[in-house]
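The listed protein sequences derive, respectively, from chains A, B, C and D. One point on numbering: in my numbering, the residue at position 206 of the first sequence is 195, and numbering is uninterrupted. Basically my numbering = 1-based index in the second sequence + 191. Basically my numbering = 1-based index in the third sequence + 30. Basically my numbering = 1-based index in the fourth sequence + 1.
If you're looking for bench data, these hints aren't it; they were derived computationally from the structure. Worth double-checking, as some hints may not be accurate.
Said to hold, decoys possible - Below 30 angstroms or equal to it, Euclidean Cα-Cα: the simulated DSBU-like pairs (lysine-lysine) are: (1) Lys349(A) to Lys395(B); (2) Lys593(D) to Lys423(A); (3) Lys140(A) to Lys244(B); (4) Lys384(D) to Lys423(A); (5) Lys408(B) to Lys569(D); (6) Lys473(D) to Lys115(D); (7) Lys384(D) to Lys96(C); (8) Lys391(B) to Lys289(A); (9) Lys391(B) to Lys473(D); (10) Lys289(A) to Lys170(D); (11) Lys359(A) to Lys115(D); (12) Lys57(C) to Lys82(C); (13) Lys564(D) to Lys83(C); (14) Lys403(B) to Lys289(A); (15) Lys569(D) to Lys423(A); (16) Lys79(C) to Lys33(D); (17) Lys353(A) to Lys339(B); (18) Lys96(C) to Lys569(D); (19) Lys140(A) to Lys652(D); (20) Lys423(A) to Lys408(B); (21) Lys221(B) to Lys89(A); (22) Lys140(A) to Lys82(D); (23) Lys384(D) to Lys83(C).
Stated by the list, open to error - Partial selection, computed: residues in chain D whose CB lies under 8 angstroms from chain B: (24) Asn431; (25) Ile660; (26) Arg661; (27) Leu664; (28) Ile678.
Beta carbons: idealized from backbone N, C-alpha and C, even for Gly.
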Amino acid sequence: MGLFLLGIPLIAVLLFLIIKENKIQHAISVVTSILLILIAVYLTREVMLFGIVEYSSFGGFFYIDSLSIIVLDIVLVIGFVASVYSIQYMNHEIMHEKIKPKGLRTYYILLYSFIFTMVLALSVKNMGIMWIAIEATTLSSAFLVGFYNNKQSLEAAWKYIIVCSVGIAIALLGITLLHLSSIGVLESRQFLSWTALFDNAGSLKSSIVRLAFIFILIGFGTKAGLAPMHTWLPDAHSQAPSPISALLSGVLLNSAMYGIIRAVAIVNRNLGSSVFTGRLLMGLGILSILTAAVFILTQKDYKRLLAYSSIEHMGIIAVAIGIFSPLSVFGALFHMINHSLTKSMLFLSSGNILQKYNTKQISKITGLLKVLPVSGLAFLIGLFAITGTPPFSIFSSELSIIVSIFQANHLFLGIVVVILLAIVFAGFAVTLFKIFYRKTDEDIPEPGEANIPGTFCIIALLIVITVTGIFMPEGVKNLLNQAQSIITGGLA
Amino acid sequence: MSDFSNTLSTLILLSAVLLMACKRTKSYIKSFRLQSFLIALAAGVMGTGNMLKDGQFELIVVCLITIILKVILIPNILIKTEAKVEHKVEKDFILNIPILVIICCVLIVFIYASISNIEGLNEGSVNLQMVNSISIILIGLLFMISRKKAIGQIIGFLVIENGLFVTAMFVTNGMPFVVDMGILIDLLTAVIIMGVMVFKINDKFDSINIDKLRNLKG
Amino acid sequence: MRSLVYISVQLSVILLVAPLVNGIIGKVKALSQKRKGAPFLQMYFDILKLLKKNSVVSDTSSWVFKAAPYIFFSSATAAALLVPVSTTIMLQGLPGDAIMLISVFALGRFFMMAAALDTGSTFGGMGSSREAMISSLIEPSILVSIFTIGLICKSTSLPKIMIAMMGFGFPLANSVFILTFFALLIIIIAETSRIPVDDPSTHLELTMVHEAMLLEYSGRHLALMEYGAAVKQLVFITLLVNVLIPTDQLISIAGVGAVAISLVFYLIKVIFISLLIAVIEVNTVKYRVFSIPNLAALAFILAFIGFLQYFVFGGIYV
Amino acid sequence: MAINLASNLFQTSILLYILAAVLALVLIKRDKLCNIVSNIICIAAAVSGVAASIVKILFVSNTVNIDVYNSVIPFVSIDIKLDNLSAFFMLTLSVLVVCVSIYSIGYISQYIGKRNVGLFYFLYSTFILSMVLVFTSSNAMFFYMSWEAMSLLSYFLVIFESEQEENRKAGVLYIVMTHIATAFLLSGFMIIYHYTKSFDIFGSSAAIPEFAKNVVFIMFLIGFGTKAGIIPFHIWLPRAHPAAPSNVSALMSGIMIKTAIYGLLRFVLCYLGVESTWWGITILLIGIISAVLGVAYAFVESNIKKLLAYSSIENIGIIFIGLGVGFIAYAQNNYMVSALAISACLFHCFNHTLFKGSMFLSAGSIHYSTHTKNMDELGGLIKNMPVTALFVLCGALSISAIVPFNGFISEWLTYQSLFASIIYEQADINILSILAVAALAIAGALALASAVKLFGISFSGKPRSEHALDVKEVPCLMNIGTGILAALCLLVGLFPMLILKLIDGPVLSLTGTSIFEQLEGGFIIAYMPMSVSGNSISPLALIIALAAIIFIALLIIRVIGGKYIERKYGTWDCGFEALNSRMQYTATGFSKPIKIVFKIMFRPSREIHITGSQRYHPETIEYALSSESLIEKYFYDPFYEKITKYSRKIKYTIQTGNIRIYLLYIFLAIVILMAYIMFA
């Protein structure tokens, strides 16, 4: 059953290869994403019941535990939203000759291979394969970034693929070293299997593990957009089509972060303390938040702005992982979810804005609430949500992260984080709020929502992030706690 | 056996340095080909060794694939691309060659220093090969930093991959087979995609000098 | 019953003596200028005459203009109830203390300034804006000096302060009180708009402050305004003399005689102070409006040093 | 019994506010209905709020706990407790809300059809609700949430009329400053949590070491002080308060800035328990500066609402003086004085709410009928708007602390607390206290001047522009709203003991000393210090005396002067015939002397443009006078410029757009981390 998770996207890709009719392609993509959602629901239930889902077929590479199911669900939900949103969005682009009608096919093929690779990365036990899948995500999304095929997007795509491939290559070095440290501990058939490594973490060669972690951190960190390896991120996010930006920052970053988390779990268990990883992660995390804060203060392009805020949130998550207390890890996972939902909502609504005004310049936009009553409002609320104002979900997760920092006696760090978050908010306020104000004398594009299904997705996401700020179902809580205990289990 | 592989890995490192010393696109594609050939050779030798020992043929397959991909296919693709997109011969590197080479040597020394106080990596052949392969990776990165042309970047990336491969092969005596295959396929796709992009870049910017790609900043 | 007696004595004394002070000052000035000058009682005549006259009211003005004189006068008179002229009869007429005294004066000032603006004449505006400046400059010194005295006497209500001061015999022997005395003197000059702060006898628009505000008034309104100003002036003088130069401790007998004697003492002191003021008026010239701050600063510094003398450098009575 | 009553009433009011918000959204399309319905509900809610808090203070000794919601998410919960302090502020809020809501029915009617009234009332009622929750939350995190909500909603209300450029600027400045301040609050709470491991506001702070307490105090001072608008964190206030619609300005100036006072009392006094005297000294100092500078800036303003906003800064300064004295005394275990000072501070909070509320509402009325806030365009309104004029007069008298209005009572108490706080031994605090006295005096005098200016320039004289020409009196609902507040100003001034009785509860629970026993009589306040005799005042007696004197005066004059005969005639024009309204004194001219005297503060600069051929017979003369705020010029502006400049610089030096640099970053990262391994 779970293997369909990998099968369905591939089938979809094949179908897209055959079918030329745009409408049918839309239909297929929606159906596929719905199927995926269903499977995700099934798997989530399984995991909630049994904790782990494994199949012996294909050498038992398929492995899902509560950690991966969380990220997986994010992937599939965002994927679904993106695919629904894409229908009108792509039609609009075709209508305005941004892309050729044939382009749609390529788009869907790449989109679903992208989703496939991410699902693969999240559903395997073997870290080597995980690495391959993550590398593959870069390759499959490179052309999506450069989809508009103009100067800027090509440049973004080139930077994206070069920087990320290099980074990922470094990560492979790390994994190789991890493998090296496990030679003699594991027998050859469990080589690189995460569970095996984790269970026998105690007997790995610590010194090599340390070195390995550095490379893994830098490698996956590049993909997760931690400073100073973040440089590809704003370009790619701002140039990609909006649904893709949503996927990139809502999903891709998370799956890279997932790789780091897996590694951290092993390393900490091996070293018996989180000091070493903590230092590195907190360092990079703070650096990322700082960078984001500085870059947001005077940003002119709203998609870049959102991209930098993704860097900031990745930084927060990194800090939380660095703290590595149950509360902080819980917060980190919760924050992953919230960030993906909120940020993809923002990118989708920014897509609407882009298609209305067709400019990315903040200064050229006024009277948004009048022009886009729904998605404009969603965008406004989303901005407050993303900057961590109550009662939205990001606030709750940031709250538990900050509290955990203070619990872990990092008073100074905590205060710095709090102040930096405030500065980021200030940056948003100074740069972005002006687009909502109405100047009576300005001429604005004719009001009205273009992308109705997309707007419904946006509203749905908005409701979710608002509700989860105050209320969280027991099941989710348990799931998060399971995942948290898997990660921190080594030190418990 | 081991000293043979030591020699080979050192040679590979030297080929990387040689690559760094190349001025022209054609010449560094050639030296990349040389490096890949050396790697294939090493793989072949070790593969036969394993075969005789305990009938593992994986490395041999890897060796063959390496020869097909890295020695024949990819360099040809690159040469063709280069021939298509190259209009005029222009200076490609930012620092001049001797300085680059010196930087490489410093880098190698640094890596030696940092590796050799990590127990588990600091005895005998492992140490040497570890140092060599990591140096190869970093030299590849340095190569990417130092070259202005898109092709140069691709080559650099390939050198990094070679370095990884060498690490995997010498230090850990080969990753699991699936992983190796996957890596190679990924590599191929990556190079193809990059190649395509080089074409696109060339006809948008009518040059493959990536210093022209500076519209997105801030 | 006794409080009624007290109130009537208090009011009658203040109301009767108030115009006399102006008379004395005017006379002294005239003599100093080798003139015969108006009789001492001139102001009484003026008031009576003004009361009999009809009044001209600007047609831009509103009820504020007509209400102001009554409120100003009554506030000044009510203030008179807070500053006993004699400590030999029951003290508290009206429950209230020095802070309330200032606030009561503020009530009067508020309506005077508002009325000045009410006619829409430029002089009125100028007068009230200058009044605003002077009062805000002088206010701190009033409170600081009153606080200094009050703190020494452990109360802010004036009658109690007076009682306590009587215990000190002749307070002016003490540096603290000398400083406060001069501070209060400057305050009186400023508050009652006399030279060098303001010239009561001018009608040159560049110099006048108090007069500018009364410019539109005539008839009974003017009378009330002038009278109120006189009462205010006497209240300040009373405050000064009865607090800093207490004499009632000299009276050995009790009863009505005592009251009479203390009132005589009081009159002597008042006359003395009015002579002092007159002398100052004669011997100084009016300052520019924008050098008044220096005078105010002087007053504040005197008061402040007085406070420091006692509470920081360590005074005598603890 | 009483406790249930209190809690039920309180819950009713909260639910009603929620109901109002919901209905506002439901009726978002039907402006008229929405306007009436939500206001009526708000009034009902506020009335029950008043009832609840009065019942709580007078009849319930222990705190009232309301329902608690605990979320699964850690630290997210709703805990509400109503103790005396909360109840008192709740009372203040509710009283104001009643009047403002009555007023709004009339005031908002001008927006019907032009703006989204439903949205306005949603924001309005949620804003009030958030303040209620700020006053009553018993969990630091929930407090923080309500605080954030309050700031956010008020921000939306500030930019409600966002088409004017300055409103937008004001909004951004406001939200940025308040949010950064909130970050300080959050850090403070977190430090507390770090030591006590709990967010309970009513818990004990014994576990917190001395040093940490000092740090927390500073954080709270910055955090709350910014909201209170103390100088130098005030610059948002005079921009944001005028920007909002006047009924909202009344709420913001009237009660929102008091949340900061509540916060300081609640967290610094109740929770931390004032540890060292320098806390109080700092607050006292800030109070002095804010009082003087605030009123000085108020006096030179020509925009009515800006003037009132600056005067709010002044009043906050006065409140801070009381607070500071209270803290100092508390730290010296001199609870008697502390109680007096704190009750002065609370009383002034209450009074300021009343008169500033009424003043802002009147300013709204003026704007409603003249469509301008600039005094230099007004004049002569008293003829067409007599009722509003009366209310403004009351407000002006209370603002300038004149008997028998309420402003005087609280200033009197403040003076008394300063009086009591000067003890022979401690020199430093004595100097500070006497300076505070001087500051209060000058603030009082300047406040009077500004009040006269506000009343005189805009209501009397001749109309200065066509705005003020044929104006109409505002609808009676608006006047009722303002009138209640104005009447309360007078009543509280005459019968202060009623309020002091209510203040006694919180003060007793704060300092453990009841001031009420020190005060005697129903109508006479007599405060007995430890020393020999009491100082007593009686506004009622005074007003009777005044009335009597006026009556007698009238009689005597009637007897002497006979019947009153008056002759209407033009204002004296020096014989120069054509006296016109443009020759009157303007608001700018009125404040010129002070401006010149205090050059150092205002930095006045003027520019004169003369057109026409001859120098002495010009055709037109343009005279522009501008003054600048030092703090902005020398602190905020350079700060902002530096920040943006460096941010840009860094942006383009890091994100150069050259991919080789990006790769270099990765390379360096690797090298550095390997070096870290090598040496660590």
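Here is what the structure says about each hint:
1. For the proposed pair Lys349(A) and Lys395(B), the alpha carbon gap of about 22 angstroms is at most 30 angstroms, so the pair holds.
2. Of the pairs offered as hints, the one joining Lys593(D) and Lys423(A) is violated, with about 37 angstroms between alpha carbons and a cut-off of 30 angstroms exceeded.
3. Straight-line distance between C-alpha atoms of Lys140(A) and Lys244(B) comes to about 55 angstroms, which puts the hinted pair past the 30 angstroms bound.
4. Taken as a hint, the Lys384(D) and Lys423(A) pair is broken in the structure, with Cα atoms around 43 angstroms apart against an allowance of 30 angstroms.
5. Taken as a hint, the Lys408(B) and Lys569(D) pair is broken in the structure, with Cα atoms around 77 angstroms apart against an allowance of 30 angstroms.
6. Annotation: proposed proximity of Lys473(D) to Lys115(D) holds, straight-line Cα distance about 21 angstroms (limit 30 angstroms).
7. Note on Lys384(D) and Lys96(C): the hinted pairing holds, with a Cα-Cα distance of about 14 angstroms set against a maximum of 30 angstroms.
8. Between Lys391(B) and Lys289(A), the direct Cα distance comes to roughly 28 angstroms. Compliance with the 30 angstroms bound is thereby established for this hinted pair.
9. For a cut-off of 30 angstroms, the pair hint linking Lys391(B) to Lys473(D) is broken: about 73 angstroms separates their Cα positions.
10. Among the hinted pairs, Lys289(A) with Lys170(D) is consistent with the structure: their alpha-carbon atoms are about 18 angstroms apart, no more than 30 angstroms.
11. Of the supplied pair hints, the one linking Lys359(A) and Lys115(D) holds, its CA atoms being roughly 14 angstroms apart against a limit of 30 angstroms.
12. For the hint linking Lys57(C) to Lys82(C), the alpha-carbon distance of about 25 angstroms falls within 30 angstroms, and the restraint holds.
13. Only pairs whose Cα atoms come within 30 angstroms are accepted, and Lys564(D) paired with Lys83(C) is accepted, the gap being roughly 10 angstroms.
14. Taking the CA atoms of Lys403(B) and Lys289(A), the gap is about 22 angstroms. The hint holds against a cut of 30 angstroms.
15. At roughly 56 angstroms between alpha-carbon atoms, Lys569(D) and Lys423(A) are farther apart than 30 angstroms, so this suggested pair is violated.
16. For the hint pairing Lys79(C) with Lys33(D), the CA-to-CA distance comes to about 62 angstroms; that exceeds 30 angstroms, so the pair is violated.
17. Distance restraint check for Lys353(A) and Lys339(B): the Cα-Cα separation of roughly 36 angstroms exceeds the 30 angstroms cut-off, and the hinted pair is therefore not satisfied.
18. Pair hint Lys96(C) plus Lys569(D) holds up; C-alpha atoms about 12 angstroms apart against a cutoff of 30 angstroms.
19. Proposed proximity of Lys140(A) and Lys652(D) is supported: the alpha carbons are some 22 angstroms apart, at most 30 angstroms.
20. Restraint check: the Cα-Cα separation between Lys423(A) and Lys408(B) comes to about 23 angstroms, which is no more than 30 angstroms; the hinted pair holds.
21. A hinted pair counts as satisfied when its Cα atoms are at most 30 angstroms apart, and Lys221(B) with Lys89(A) does not qualify at roughly 40 angstroms.
22. About 61 angstroms separates the Cα atoms of Lys140(A) and Lys82(D), which puts this hinted pair outside 30 angstroms; it is violated.
23. For the given pair, Lys384(D) sits about 27 angstroms from Lys83(C) by alpha-carbon distance, which is consistent with the 30 angstroms threshold.
24. Checking Asn431(D) against chain B: minimum C-beta separation of about 58 angstroms lies over 8 angstroms; hint violated.
25. A hinted interface residue such as Ile660(D) counts as satisfied when its beta carbon comes closer than 8 angstroms to some beta carbon of chain B; here the least separation is about 6 angstroms, so the hint holds.
26. At its closest, the beta carbon of Arg661(D) sits 5 angstroms from a beta carbon of chain B; the interface hint therefore holds under the 8 angstroms criterion.
27. For the restraint placing Leu664(D) at the interface with chain B, the shortest Cβ-Cβ distance is roughly 5 angstroms, inside the 8 angstroms limit, so the hint holds.
28. Proximity of Ile678(D) to chain B holds as hinted, the smallest CB-CB distance being about 6 angstroms (cut-off 8 angstroms).
Of the numbered hints stated above, those contradicted by the structure are hints 2, 3, 4, 5, 9, 15, 16, 17, 21, 22 and 24, listed in ascending order.
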